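Going by my numbering, the first residue of the sequence shown is number 30, and it counts up by one from there.
By construction, these hints were calculated from the structure, which means they are not laboratory data. Model, not experiment: these values are computed from the prediction. Even glycine gets a Cβ: it sits at the ideal position worked out from N, Cα and C. No incorrect hints appear here.
Derived lysine-lysine pairs resembling BS3-like cross-links, with alpha carbons at most 30 Å apart:
hint, residue 1, residue 2
1, LYS77, LYS49
2, LYS93, LYS73
3, LYS93, LYS162
4, LYS93, LYS69
5, LYS69, LYS160
6, LYS160, LYS72
7, LYS49, LYS73
8, LYS49, LYS72
9, LYS72, LYS93
10, LYS162, LYS72
11, LYS162, LYS73
12, LYS69, LYS80
13, LYS77, LYS93
14, LYS49, LYS160
15, LYS73, LYS160
16, LYS49, LYS80
17, LYS162, LYS69
18, LYS49, LYS113
19, LYS49, LYS93
20, LYS80, LYS93
21, LYS49, LYS162
22, LYS49, LYS69
23, LYS160, LYS93
The calculated label-pair distances, taken between Cβ atoms and stated as ranges, are:
hint, residue 1, residue 2, range
24, MET39, ASN139, 13 to 21 Å
25, THR159, LEU123, 30 to 38 Å
26, MET39, LEU61, 18 to 26 Å
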Amino acid sequence: MLTFLLLTIMFLLAGNGIVKIFFEMIQDGGALDVVFGWQKILKKLYAKESKVAHLLESMLGGCKRCFSFWFMPTWFLFYCITSKYAFHIWITDLITHSGFWHWVIICLTNWTWYCMFHALGAEGGYFILTKFKNKSNVV
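Model the full structure from these sequences, guided by the hints.
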């Protein structure tokens, strides 16, 4: 269980670092902006009058909180697959009930674990994006 908790902490910290790196890369002059024209794509989405386009623009980097929030489900899936299939441990491995209640407890445990991971990851990513400013022209 200690291994699982350490793996979870590692994935939360790594996910927040990746959010910071990706967000910086999509800003004006960043690597993804230069290669793919990311800011032009976001401006085109923002110019549309569709609510879906505005939501998509926010998800893809128009809003720090939205970017962090929408990155975490993908990161949780990667964390879940890595934990289960590479390390062979998961939060529900300790559940020993059988029958109907076994599946109810597994579903509730997984849902609770996802909510906890997503909340901590999204807020942690937003905190890192807002509190740790990029210092430019530092030699």
